[in-house]
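**Q** Chains L and E, in that order, are what the protein sequence lines are. Take 1 as the starting number for the first sequence in the numbering used here and just add one per residue. Take 253 as the starting number for the second sequence in the numbering used here and just add one per residue.
Because the hints were derived from the structure by calculation, they are not lab data. Hints should not be assumed to be uniformly reliable.
To be verified - Partial list, derived from the structure: chain E residues whose beta carbon lies under 10 Å from chain L:
| id | residue |
| --- | --- |
| 1 | 270 |
| 2 | 349 |
| 3 | 377 |
| 4 | 413 |
| 5 | 417 |
| 6 | 421 |
| 7 | 430 |
Said to hold, decoys possible - Some chain L residues close to chain E (C-beta under 10 Å, calculated; not the full set):
| id | residue |
| --- | --- |
| 8 | 51 |
| 9 | 73 |
| 10 | 78 |
| 11 | 115 |
| 12 | 117 |
| 13 | 183 |
| 14 | 185 |
| 15 | 200 |
| 16 | 201 |
Unchecked claim - For each label pair, taking beta carbons as the anchor points, the in silico distance ranges come out as:
| id | chain 1 | residue 1 | chain 2 | residue 2 | range |
| --- | --- | --- | --- | --- | --- |
| 17 | E | 379 | L | 99 | 53 to 61 Å |
| 18 | E | 448 | L | 225 | 39 to 47 Å |
| 19 | L | 249 | E | 491 | 17 to 25 Å |
| 20 | L | 12 | E | 301 | 32 to 40 Å |
| 21 | L | 238 | E | 727 | 39 to 47 Å |
| 22 | L | 99 | E | 727 | 43 to 51 Å |
| 23 | L | 170 | E | 666 | 48 to 56 Å |
| 24 | L | 242 | E | 706 | 54 to 62 Å |
| 25 | E | 361 | L | 139 | 19 to 27 Å |
| 26 | E | 361 | L | 97 | 54 to 62 Å |
| 27 | L | 225 | E | 666 | 55 to 63 Å |
What you are looking at is a predicted structure, and each value in this text was computed from that prediction instead of being measured. For each residue, glycine too, the CB sits at the ideal point set by N, CA and C.
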Amino acid sequence: MRVLATYNIKGGVGKTAAAVNLAYLAAAAGSRTLVCDLDPQGAATYSFRIKMKVRGGGKKLIHGKRPLGRYVRETDYEGLDLLPADFSYRHLDLLLDSPKYVRRLTSRIRVLGRDYDYVFLDCAPSLSLVSEAVFAVADALIVPTIPTTLSRRTLRQLVRHLRQHRVTVRLLPFYSMVDRRRTLHRRICDAPDEMPCPVLATEIPYASAVEQMSARRAPLCGFARTNPAARAYAGLWDELVRRLQDPPPDPS
Amino acid sequence: MSRHTYLLDPSHSAAGIVSRLAQRFTIRRTGTGTAVRTYLDTFDWRLYRDSGLLLSDARDGSCLVRWDRFDGRCRQRASLPAPPDFARDLPPGGFREALQAVCGIRRLLPVVRIERRSERLPVVDHRDKVVARLSLDRGTATGPTRRRRRLRPALRLVPMTGYERAGAGVRRFLERDLGLAPGAEGELDLALAAVGRQPCDYAGKIELSLDPADRTDRTMKRILAALWETMQVNEDGLRRDLDPEFLHDFRVAVRRTRSCLGQVREVFDDTVTRYFAGEFAWLGGLTGPPRDLDVHLLNLRGYEADLPASARGDLVPLADHLRGRKQAAHREQLAGLDSVRYRRLKREWRRFLEADAGGPGANASRPVGEVAAERIDRAYARVRKRGRSLSAETPAETLHELRIACKKLRYLIEFFRSLFAGGPVSAVISALKRLQDDLGDYNDLQVQQRELRDTAQELFSAGGANAPVMLTMGRLVDRLESRESAARRRVVEQVGRFVSARTRAELGRLLAARAETSVSGRGSS
Ligand SMILES: Nc1ncnc2c1ncn2[C@@H]1O[C@H](COP(=O)(O)OP(=O)(O)OP(=O)(O)O)[C@@H](O)[C@H]1O
Ligand SMILES: [Mg+2]
């Protein structure tokens, strides 16, 4: 089982789009796949036409006696399941006020993940106690990064934060919403040395088809597999699978 | 969550059912799709017995391989370029390990192939989210003998996790409102029935229920016929060398046949018995060399796992050499199986088994329960005699004789197992099994060392060995040597337990229990 979190401190960078499409591709390639929607806005849940609700909300997510598997729903795509979001997750941080509870949440996610080959965590933007749990449970953080100066700065903040807190999770940023016609995008994508850490080679281009996902309520790779952005997600997934075979980062 | 199959018969109108469903539920019509599915299992149905089904759905250029539980829930899935021939063909990971634990070295053979046209009728909710998978399936099934049969059209309902209520609603509608009856059998069972196959039609061991009061000659023939059947069904896989177990099961059946003829005397005509014993000895000899090489090659895999990664490559010349020899030995074996002598043995043996005439021997007409108890008692006495005075100094030949004596005892107990009550048999057998395992380990370790030394010599003479290969082989021999002395210590320990007064008493009770049933059995007949 591998836990992959689509994560960024910044909002609106393509985390959910990545989680939904990569999970779709993983399942289509034969892996048993689960998406955990940890964002109270529930964009991933919405994309799969599933009702946002976890009976008992965030409290049950952390403290419930029932295994998390009880809340899981099958999506329309074979092999792909979803743990829906709940609006109460906006208070999740208040419920995680002790390291004990953070550990409980991570262990519940791990137990849930036993039946899957890949578990995707779609996270809300921010640096919080929830993200602390995510860092602890994830094998890799997949960080969509728009090639702008500001995004580069945010990525640097994340790298610094992880280092300071001795988090040894694998960091796999990729360029998201890339518009190669824009000078700034080109300049940033083509200057890897100025990035605070290595960035994956596959770029996801800016494409209006991605925006259609919320209207169609389906993964782009499901309804427009030949679209350039859909192909880019497929390339990204291949690259990620390869990178996940590398030995994990050294805890030192 | 289990799936439900509703078989339709000519009185049902599929179109009518679909239109009534559409009146009651929102159905997203997604058209008709075709699919080709192959169910896979080992020759001895290890997956089916393990309560699972391995299936491969063809896709363009690849296949989706799934390991499902009987209720249709998916245990493991993976996309592969082609259906796997062996568990080891899967990519490393949980799927491969779990499958390997069940299938071991056995080949995954196609059990039945289903070609299906499905009209997909997913039931959706007000969000247009699928809440129950429903399809109307038509198709054909093809068995390994290439017989293709039409399957009855069926409505299939697969409820979905998280939408149990919706699934139950559809099910109620189908059963109450449309009057459809859910079938108890799954897709595989239906397809097998269509092509005239029975699941678990081979087990690798004989399961006869014998009557202690029956004549010995008749019972013996039943046992011999079951062993013959085992040889026959394994012959094709053996000839095609599908996996080592075909040859193994074939050989075990030959050995048991010989043991049966030799252990239970004075039943059939002496010259006839001797003649067949000789022919089966020949057959056993014919299959010996390829089996030894199979074992050698299988051991090699174990050695590789034992060695540090840096030295593993050193065994490649050895493996190539053994594979070459295996092929040659296999060809020779095939020549033997194609010979007039084997054909004659087949013909004559079948005639012997089918003949009604009773045996002329003194034991022929006695109740088999009595004869069996005597023979087992004798065989156990032989094991005791050899096992009583074991020590660290006992020569290897004595241990070898003990191993053979144990084997004979084991075969007898297994032949006649159903004559005795369950509990004590299992206790004695499991003690015997443990002892045999240790004796077997001890013997294997000796054989392996000898073979490694011999092969090293061969490789060296053939100029196919360099220093690293020789060093690695030496290292393996070393390791085997130290394991051998440990195995020997275990044998001495185990044998003490098996020849103890307690086991002896247990066996005595067991045989006595048989005597009673035998008496009452005779009384009632
Ligand atoms: N490659 C792309 N091209 C064009 N639009 C995109 C692309 N990726 C994402 N978008 C759009 O940008 C918006 C934000 O994307 P998304 O929801 O995936 O980001 P997010 O990081 O999950 O946001 P949030 O932080 O709110 O959870 C959405 O409207 C989405 O359709
Ligand atoms: Mg999001």
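**Q** Confirm or reject each hint.
**A** Cross-check of the supplied hints:
no.: 1; hint: 270; in the structure: 20 Å, violated
no.: 2; hint: 349; in the structure: 13 Å, violated
no.: 3; hint: 377; in the structure: 8 Å, holds
no.: 4; hint: 413; in the structure: 5 Å, holds
no.: 5; hint: 417; in the structure: 12 Å, violated
no.: 6; hint: 421; in the structure: 16 Å, violated
no.: 7; hint: 430; in the structure: 25 Å, violated
no.: 8; hint: 51; in the structure: 7 Å, holds
no.: 9; hint: 73; in the structure: 3 Å, holds
no.: 10; hint: 78; in the structure: 8 Å, holds
no.: 11; hint: 115; in the structure: 9 Å, holds
no.: 12; hint: 117; in the structure: 8 Å, holds
no.: 13; hint: 183; in the structure: 41 Å, violated
no.: 14; hint: 185; in the structure: 34 Å, violated
no.: 15; hint: 200; in the structure: 22 Å, violated
no.: 16; hint: 201; in the structure: 23 Å, violated
no.: 17; hint: 379(E) / 99(L): 53 to 61 Å; in the structure: 39 Å, violated
no.: 18; hint: 448(E) / 225(L): 39 to 47 Å; in the structure: 42 Å, holds
no.: 19; hint: 249(L) / 491(E): 17 to 25 Å; in the structure: 53 Å, violated
no.: 20; hint: 12(L) / 301(E): 32 to 40 Å; in the structure: 54 Å, violated
no.: 21; hint: 238(L) / 727(E): 39 to 47 Å; in the structure: 41 Å, holds
no.: 22; hint: 99(L) / 727(E): 43 to 51 Å; in the structure: 49 Å, holds
no.: 23; hint: 170(L) / 666(E): 48 to 56 Å; in the structure: 55 Å, holds
no.: 24; hint: 242(L) / 706(E): 54 to 62 Å; in the structure: 45 Å, violated
no.: 25; hint: 361(E) / 139(L): 19 to 27 Å; in the structure: 37 Å, violated
no.: 26; hint: 361(E) / 97(L): 54 to 62 Å; in the structure: 58 Å, holds
no.: 27; hint: 225(L) / 666(E): 55 to 63 Å; in the structure: 58 Å, holds
Hints 1, 2, 5, 6, 7, 13, 14, 15, 16, 17, 19, 20, 24 and 25 from the earlier list are contradicted by this structure; the remaining hints agree with it.
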